[in-house]
Structures are given as structure tokens and as C-alpha cells.
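4 protein chains.
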Amino acid sequence: MDKKIKIGIVGASGMTGGILLKLLLNHKYADIVIATSETQTGIEISSIHNFLKNLFPLKTVSYNRNQIINNCDCVFLLKSHGEFQEETSRLTNNGLVANPNIKFIDISADFRLKNARLYEQWYKFKHSDINLLQKAVYGLPEIYYQKIKNAFFIANPGCYPTAVILSAAPLFSNKLVDSNSDIIINAISGVSGAGKTPNVRNLAVEVEANIKPYKVGKHQHTPEIKQELEYLMQEPIKNILLIPYIAPFKYGILTTTSVKLSEKISIDNLFNLYHQFYQNKPFVRIYNKEQYPEIQNIEGTNFCDIGLYLDEKTNTCIVMGCIDNVIKGAVGQAIQNMNIMFGLHETEGLPFADFLSKSSL
Amino acid sequence: MDKKIKIGIVGASGMTGGILLKLLLNHKYADIVIATSETQTGIEISSIHNFLKNLFPLKTVSYNRNQIINNCDCVFLLKSHGEFQEETSRLTNNGLVANPNIKFIDISADFRLKNARLYEQWYKFKHSDINLLQKAVYGLPEIYYQKIKNAFFIANPGCYPTAVILSAAPLFSNKLVDSNSDIIINAISGVSGAGKTPNVRNLAVEVEANIKPYKVGKHQHTPEIKQELEYLMQEPIKNILLIPYIAPFKYGILTTTSVKLSEKISIDNLFNLYHQFYQNKPFVRIYNKEQYPEIQNIEGTNFCDIGLYLDEKTNTCIVMGCIDNVIKGAVGQAIQNMNIMFGLHETEGLPFADFLSKSSL
Amino acid sequence: MDKKIKIGIVGASGMTGGILLKLLLNHKYADIVIATSETQTGIEISSIHNFLKNLFPLKTVSYNRNQIINNCDCVFLLKSHGEFQEETSRLTNNGLVANPNIKFIDISADFRLKNARLYEQWYKFKHSDINLLQKAVYGLPEIYYQKIKNAFFIANPGCYPTAVILSAAPLFSNKLVDSNSDIIINAISGVSGAGKTPNVRNLAVEVEANIKPYKVGKHQHTPEIKQELEYLMQEPIKNILLIPYIAPFKYGILTTTSVKLSEKISIDNLFNLYHQFYQNKPFVRIYNKEQYPEIQNIEGTNFCDIGLYLDEKTNTCIVMGCIDNVIKGAVGQAIQNMNIMFGLHETEGLPFADFLSKSSL
Amino acid sequence: MDKKIKIGIVGASGMTGGILLKLLLNHKYADIVIATSETQTGIEISSIHNFLKNLFPLKTVSYNRNQIINNCDCVFLLKSHGEFQEETSRLTNNGLVANPNIKFIDISADFRLKNARLYEQWYKFKHSDINLLQKAVYGLPEIYYQKIKNAFFIANPGCYPTAVILSAAPLFSNKLVDSNSDIIINAISGVSGAGKTPNVRNLAVEVEANIKPYKVGKHQHTPEIKQELEYLMQEPIKNILLIPYIAPFKYGILTTTSVKLSEKISIDNLFNLYHQFYQNKPFVRIYNKEQYPEIQNIEGTNFCDIGLYLDEKTNTCIVMGCIDNVIKGAVGQAIQNMNIMFGLHETEGLPFADFLSKSSL
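Protein chains in written order, with my numbering: chain A, 305 to 665; chain B, 305 to 665; chain C, 305 to 665; chain D, 305 to 665.
Any given hint could turn out to be false.
A pair counts as met if it fits within one copy or between any two copies, since identical chains are not told apart.
Unchecked claim - For lysine-lysine, the following DSS-like pairs were computed, each having C-alpha atoms within a straight-line distance of at most 30 Å:
1. Lys522 x Lys479
2. Lys519 x Lys451
3. Lys363 x Lys593
4. Lys593 x Lys453
Keep in mind that the hints were calculated from the coordinates and are not lab data.
Please construct the entire structure, taking both the sequences and the accompanying hints into account.
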């Protein structure tokens, strides 16, 4: 590729905005041309995200639809769910983008659920763009690589779903799961998952020396996980129960999903099945028997590390997924999607790209 | 009670030894007469546990069976599992204690499992004292209060088992659980659970900014949980799967246990059942609907906080238990047991005793 | 003492309010009769501070001056600085309290500085009650025990000042300090110092895996430290420079103060001088040579631990003070003050009181 | 540069070894040919450092001098201080390297102090190679760029010295410091500073929820700081006092150095002086007035962030330095040195290299 991708970032002053900018500064084909912020407009990005000091002279501007459309090849949308859904529709002309060369990657949850009514139930807002919802491609490259290649609009997956779906996909895709049994997910997240909006629950004084479950059985990522696991299995799943926790570390998610298998499989065959499923997937790493993923092994990277435990007597399988919630669980995956859409190697600009791009071909 | 309990502590230099001493210093009927240490013998306790500086002039001595027998009313055994089992047998004359006035509280796992063969499987040592094993009372006061009252030897429960059993007991005791379904336990522990023996896994550099599962399906507390839940239910349980994690906080355990109920029950009736089961149990606190326990609410106390989630459609129940692993999960519970054995109110000397002793009568 | 102290707490819903209530629940002469909150009025205290669940049925009320005056023996004022200064004046009738039996303990900074003009410079509000300012006794019991005994209004010291003044007092009181040299204070605080008011700076995501200096040379506790060190030395001090940091732990402060001594003193004499100064002060513990205080040794207690380093060649002395910022640095010290004012042993109701009350007489 | 640098790593299984490998995997001119380990020989590097899983197939070998000499262009020595000094002499033929094309970068402290006798005093071993000691170049590129360019042996600076020297260099180099006054350094380090050797002091249970000073006035980095500040000032310094702390975060060091200036300077001139001194130094970032460095802004990078506070009345200056202790404080700086020695841009392969290499030319 000889020319750079002109990038617009809508909502650049939040926490994910900062990490996206940091990653893109190490991406040799990225040229950030617009970064918007409504709360901190006209300010140097590096004054908002101090870790970018001396690295990034660009100033934020207020969002302007035409400016985005006329100047960008790729637009990252980093607004909170619900907040920007209608404007996203306008920006993409309800999926009939005027300029077919612009690609959109929406980090919010607004276009992830194919069934619009689920937004009312889980997100408490009425979705107004069924058309774009159907055209949006769920941006999990390990599953939807080909669709992403041809997409113009990516609904970038949520953090918990990324870890859960990737760690469970080979089981569901091979129809190995008893869909009538409960799928129980324990999902432990670092505090960056909550972003930078100040509220008492996320104060350090409430998080340090503590761990707390929240939204048990009610977390809005539940239907997203369900949709994708059902898609993989091509069968309805009776019950998915997500138990999320906030823990006292900054970055990372570790999920542990318990599933009942529908048929006997040996532990060795289980591992084979996983290795086969993720062959040539540079960002998935499968741990050996009796070894389990840890946050410290994936922090700062776009990896999803997977661990497996199988109780052969009872066909109960525990799968673990471990990602950096802000990278593979948000903006790293977004860059992976951008790379695919723009014909680059999917690892381009992400940590260990040199090594990964060679080894995975 | 007019006179003090003369206390011996075998293994006073470890982490639990320090916390036991700290609690006993606030116990008005406790008189610590002997504290043994083989690694740091002849040293002031407060030089070993610096937080006891200026508070405790006693020096450690090397363990001597006769000295213990001749001078103590109550002996706390704080050795690692396996290490002291044979000497415990000698010390208690295989359960035929010469001086019937001495009470023993064993914090190790050596006398918790009634089935001696389980020690070979889970603890890798051969148990040599079936007699004492049968006489030992499992020291979970909320379940075995009467037995503890008349006991001379207490097998003090493990940390994970305390949180799991207490949070699940009303379900099992009321035979509400489908014993053929998997019981899946996610159990997150602070680093104090590993004590102070130096090894790479427990270095701060391996624990900070990290969370890691370990011994998945193989943790030695599994048979202890199984034994007690089966006792409560009076029925064999097919599969208990314990998934332990180490997390970056110092004190505390949070366990989340998923069970399939064998019959429909409304969420309100479930709460009633719990409140009834734990009536007059000062150290158990049941959270309201959609509220969940957190480490910060129990740190430094002998409480076990319990949270409940019920998916009424699928009869899937999630119970959470939250304790300070070193207090209710070890030495606080040991003091509670001592109190009961010596005819004191069970809360004596423990945090909030004044309030709890009044309110729970 | 046969009857209980009727206690009013103004501002009970903040973080210090919670810890004050927790400590008072373990104080056998405390009877909490009123707890006010304007933001969470009419709510059970234990719903605001969840760690008090099942322990404290009292509900908050809106502040009412007459209700306080008519029902309380001792009033703790826990409002932010500046916010309540004028009402405090009215409540105490400008220091001419109608009912001379009521004692006040103000945890805020509003009556700590004798020089009213300093409030304009450091706190950005104009102080309106010179009279009460002069009558208020600075509540550092290790220095002002006799004054506190006879006081009706206590200005409870700040957290940094408590650690700094106590660790440096023997030097200044013995006129050993070169008052023309810089007094440099590095003061590291846990996040509880910031209370529970939500703002971005104190979010866990900004505190975890981080340490940050703030208000270097401009922290409002600087003039408080200066006032007290000058009082001890009876001489003006040229320059005190406070460098505060927020660090990723919940409770505790560690201060390191560098001072140039005005005369040669041996390290042994220095230690003697400290031990003499703090003879019979139950809450001060002096570490041995080459040993230094640590947060973990004082957390949850009312201790101030002190460490000393002396460079004998250059007369440079480093003194370290270590306290639980919310206990000895706020509400524990407030209880110590209450105890003294009400004729109780100063350790009453505080951790290790039994032992400390005996040993310090 | 068309060909890769063949790299040998002596001591690859320790903590710094892991991070060095991680960084080199992102360096396009690095070809790691040998990685030695005596404790974990013959094992895949990625089994030792799990975060390198799937990234690095090389196996460790036992150290062999000839193998190193015959196969490497650049050798990183990562042994503990004292342990390898004599072998380093043999490896380099006492500085008379047979093959002049091999470059050595010693991460240990063994060749940092020009005065050999200081090793006896501070490191407790007798240094046996005065010759190599004199030839070794202290690898602080912001000060010794030209010398490094022509060096064959680099003594890579210590972590505390890097932060202290860089943050204070403009003051000393401009002879602005009163060399008779105390230089007081408070230096707070994350736990990675202690590496992975298991001992009680560095267990998570001793570090979590804690902060602790250690080796006050006795830390072995003191003479290294003194040597370099005296070199910069060309004058002896009377007293440097280093107060190190361990704090509960993984990576990073923040140092605060108090110096008395020898002459009046305005705050604006002070900033000018710093900006001038560090012109075209891509890894040094100077913060604006009243803004201070934080660990979170430098973690994972090779930056040294600097903050300044000046009390204009008293000429007291506080300088802060903030680095990732394992990167700019160890292996990142080592790579920077390698780049310079091999004619690459000094930022090559380090985070933000693309941006930094352009902007700093």
C-alpha cells in the first residue's frame, strides 16, 4: 500500500479514544486527520491524553458531518451507546453511503444486535435504523474475516463478548454444546472497562482492595453473546447467564465460561479442535493442558489467550478467554478490522506485527 | 466468665499466626501463654509481625508437646497441611486426650475430611489417624454449633469452603438442588491466601495488574466442599467443579456458585428461606435483591456476606459468598469456635462483638 | 463512667462518616443519636455504608441546629472545608456555647489555622469567626493533651499534618532544627484521602498502576504544618515545602521529612530523645535503627509509626511518619479527642485499647 | 542498514530478559541468535516468559563464551551485580576484545562506577578489572551520545540513576546547584524493580495495600548518581541522600529530587534551560508549569518525563523524573544504546519510533 489511510475519530477525548490514538501513532499507514470532542474542543490531543505528550500536535474539533465525509477514508465512532445512533444513520445515509470509499467502525454497541427490539430491552432506547443494522458487519475477524473484507460498516464487538465468543466458538461452531444447559459466564474486568466518566462506583476508593459483581444476569452484553453463539451453532440457546465483576487492575478481562457438552470428547481432541479452528489466526493463542491465561500475558496486545479444562467424566467444559479489554476488546480489534477492510495484513501496526504477519501466512 | 483462657499457638510466625495474635489481643478472655516457631525461635512476636510492635512482648519458643499440654486451655494449630498430622495425633493421644480440659483447634486441613483416603488423592499424604479424624468436629459454627460446644478437637474449615458452604447451605439443606447437575464454583482470592512462603507465583510482580486461575478442577478444597454439601443434602452430589483465582488484593474471598434447582421457587421465597436459615446467626448477612457482596464490606471482620440471583425461568441459582479469607476463612472462625467451646458468646472479641452479641440473642 | 456519650454526626454519608460510625460501634460509651446527611436524607446508615449492614439501624436526618444542641453531648462535624464554617459559628454561638456541656470536634480544616488570613490564601474563603478560631484547640493529643481535656471545641488535625508533626515534633520541640534550611516533606497518601466525591482524577482508572504528585508546594496543609512546627520550636521557619502524592492503595499516609539539624547529635541520642518525648503516648511507636514504618503496620489502627535516619556527617535528618489517614489522620484521632474531653482513657474504643490502656499508664 | 544485528542475551530467563525479548521482537533489525539461562536451560523462551507464547521459538542454552564471541554482533549481559564481573572481563579480554565488531551492553552495575573501591563499599565485592572499568561508557544517551557511538562496551545505567540524573542534569550541567547543600532524593519504584527472585519482602502479600521505604541512605545506586552529577557539574557534591520506596504497582519509577540553587533564576528561565538542554532528545519530555509526571504516562515506553517546581523566594528547586524502570531504566535504554552503536536512529524499534525519529531530526 503506498498511501496512508485518512482517519477520523469521533469522540477522541474519552479513554478508548486515547488508546486508539496511541496505537495509530505506531501504525505506519494511519494518518489521523480529524479528532472530534464536544467536551474538550479546540484542545491539543496530547493535553487531553497526557501520555501522548510531544507525540501528537493535532487539536480536537467539534463534530461536523460534512467535514468527516469529505476528508476521511476511515471513521472510528467512539460515542456511548445510544448517544450517536441516529447521527450514525445520517452520517452513513442509512447505509447508503454517498461516498462508497468511506469505511466506518463503530465501537459503540449501537449496531451489534441484529434484532432491533433487543435495544429496547437491554439498552433502553428504541433503535431507528433497521437498514443499517442489517448491513453492519459484526467485527470479530476470527469469525467474519471475509464479510469484514467487503464491509463498509463494522459494528465492533463488546469487550466481554470478544473474550467469551472467541474462547467458546470452536465448541459452538462444532455443535458440541448441549443448548438446553445453562451457559454460565464469570467475567472479570479491569476498571478501564468503565471509561473515564466520573461516578462513585468507579472511584479508586471503591475499587482498590475490592472486587464486586454487578448487573448479574442483566448485563447488556448478554444478548450480543447469545446472538453470536447461536449463529455459530445455528441453534437457539436456552440460557446464557453473565456474571460480570470489577477488579482492581487497570486493563484486561478474563472470562470463564462453563458449558455442558452434548457428546463425549477427549481432552486431546478438544485441543485439536481448538488448534484447527484457530489455525492461521495470529491473535488467538491456545494454552496447553493445565495452563491458564493470565491478564499479564495479554496486557497491551491484541491477543485473545484461551485456556481449556474438561471434566471428561461429566462432559463439563470450562473455557477461558483473556484479552486486553481496551485493545482486543475495543480499539485494537477496530484497527484489525480497518486493516482487513483496507487490504492490509490484519496485524499491521499492532504489537508484534512483524513477527505475526510472517508466521501466520 | 471470670478467668482467662490460657492459649497456645503452634506455628505463630506465619501469616495466619500474626492475624490470630492481632485478634486475640482484642479479646478480653484470651491470655496467650505459648507461641511456637521453629524458623524464628526465641524472637519477640512483635519483631516477626511488625504490626504488633509495642503490643506483645512474648517471645516464640520451639514446640514442646509437654509444655503445651501442661500450660494451655486452648491450642491453635497453624501448621501447613500434612506437616503436623502425626504430631497432632500424639498431642491429642489419638483423640484420647489425657487432660480433657484442653481444647484443640486445627487450622490446617489435616482433620477436615472424614474419608481418610481422600488425603492421598487430594493432599498427597497418607493419613494415619482414623480415630481422631472421626472425633474431630468440622468447625463451621453456623452449621455445627451444638457439636462444637461439646467438642475437644475442631477441624477449622478452609477459606473457600467457608464461603461456598455458607452461601449454598440453605439450598442444600432444603434439598432444593438437582444433585445430578454441575455445581460450578468461581472463587476469587486475595494474595494472603498464599501465606508468606516465598515463591515466584506469589511475588508482587506476578500478582499486580493481573488475575490468574489456578488448579482448575484440582484444588484440594473441592472434597471438603463436597463432603459438607452432601452432608447438608443427605445425598451424593455428582460434580463439583472449583475454579480458583488469585487477584491483586490482600485480604478477602468472593465465591460465586451456580446450581440448578430441583424445583421451582420464587425469588422471594428463596430470600425467606435464607433469612430463616440464618436467623440468629450474627456473622451471616444476606444482601437484598440485586445487591451483591463486595470484599470491601467484609475486610477485617468475621462476616460472611451472601448475595443471591435466581433465574426464575430456568431454575438456575447463583449464590455468592464473601469473607475475609484470613478471618472468617481461618483465624476469626477459629476464635468463634473457641468462644463456643468455652461457653462465651460466639462473637466475643471479634469486630462489632458488642453490637452483635446483643442483637443476636 | 456510667453513662454513654450521646453523639451527633453532622455529615454522616461521606467516607469519613462511614469509618467514624464503624469505630464508634466498637466504642462502649458511644451512643449515636443523630446522623445527618443532606444528600441522602432519611436513609438507613447501613444502606449508605454497606459495610455497616445489619449493624446500625439509625436513619439519617437533615441537619437541624436545635436538634443537635438539645440532644447531643458530643458533636462531630464532618463537612468539607469552607462549607460549614459560618454554621459552625452559629452552632457554637461563636464560641459562647449556651449549653457548656456540649463538646464539638470539627474534622474540617475550618478552625485549625490561628491566623484567619491564611484561609484566604490557602483555602480561598474569608474566615468570619476570629473568636472561635482562637478558642478552638488543635486536637493533636500527643502535644495538646491538657488543652484538649479542658476544651469544648476541637479543630481536628489534617492527615498530612498529623503524620508530619508527630514524626518531627521531638526535633522542633528540642530546638534541634536549623530554621533557615528547607523543610522538605514527601507525603504519599492512599486514595481514601480524596473521599467519595466523584471526579476524574480519583477514578480507579487514573489511580491504578500509577503514582502522581499534585499541588506541589501549594497544598493547603502546608500552613497547618508550619503553624504547629513553629509553635513547637517557638521560632519562625523559613521554608516548608510539601510534595503530596496519590498512590494506588486505599488507606494510609507515609511522610518523609528532611530537616537540617542545627547541632550535632548522635543517632543514639536522637532515638533517646524520641523515646523520651513519646513516653506514655500509647499511639506513637518508634522504630529501631534501620527499620522503617510501612502502611501495612498501621492500617486500621490509630497508631502513628515513626522511623528515623540520621546522616551524622552532615546533620541531615530524615523522619518518617506513617498513619492510617482516615483513623489517626481523621476520625480515630477525633475519638481520641472525645475520650480525653469526656474523661475516658484516650485509647477507649480504639483498636488494642485493652492492651494500650494498661501499658501506657 | 541492510542486515540484521545478531544478538546474544546472557541471562534471558529473568524479568528484564523477558522485557528485552519483547522489545526486540518489535525491532526490525534485531535477530536474536543466542539466549542463555543456567536455571532454565534448553527450554523454549516462550515457556519461561508466557507473554511471548507463539512469538519466539528459540530455546535457551547454557552460557558458552566462544559461542557468544563467534556468533554475535551485540551481547546484552543481564546478570546480577557481582555475579558475572570476572567472566565479563574474560569475555571482553579485559577490554581488548579480539573481535572488534562485537559490542557489549552490560545491564548489571558491574562497570558503572569508575572508582573501583566503591564496589567494595556499596556492592560488597572487590572489582578485578580496572582496565575495562575505565573503557566502559556509561550508557545514558542523552548525556553521552558521542561516546556511546564509538563505544564497544556500555555500562547501562541503573533505574533510579536514570530518572534522577536526567531530571537534574540541566541544573548540574549549568552549575546552578549549591554543592554544599543536601541533595535529597525520594524515589518510588514499582515491584518489577526487584525482579523475580523469590523472597518474603517482595511477596504480593507484603506489597499490596502498602508502601515501604528501604535502604534509606544506603542504596547502592547512590554513588552512581553522585559520580554522574559531579561529572556534569565538574565539582564534588557534599551529600546525596537517596530514600527509595517500594510501592504497589508493577512498572515505573518516580523520583523527586530537592536541590538548593546557587543563584536566583526565574521559573521561566528554568524551563527554557531544560528545553534547551533536551532539544532533539526524543525520549525526554518536559512538563509545563504546575503539571507533573505520572507513571501512567510513561509505562511501556522509553520516555523520561520531567516535572519542575521552583520556590523562587528560597531558590529551592524540586525536579521530578519518571520512567518505566524496566524500559528507560533498563532494557529500553539498552536498545537505545545498541541503536546508537550500530548507526541506527536511537529510537529504532522502541515505542513511537516512527513519529519520534521524524520529529527529532
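Hints, verified against the model:
no.	hint	result
1	Lys522 x Lys479	both (26 Å within a copy, 28 Å between copies)
2	Lys519 x Lys451	neither (33 Å within a copy, 40 Å between copies)
3	Lys363 x Lys593	between (50 Å within a copy, 21 Å between copies)
4	Lys593 x Lys453	neither (34 Å within a copy, 46 Å between copies)
The structure fails hints 2 and 4 (numbered hints given earlier, in ascending order).
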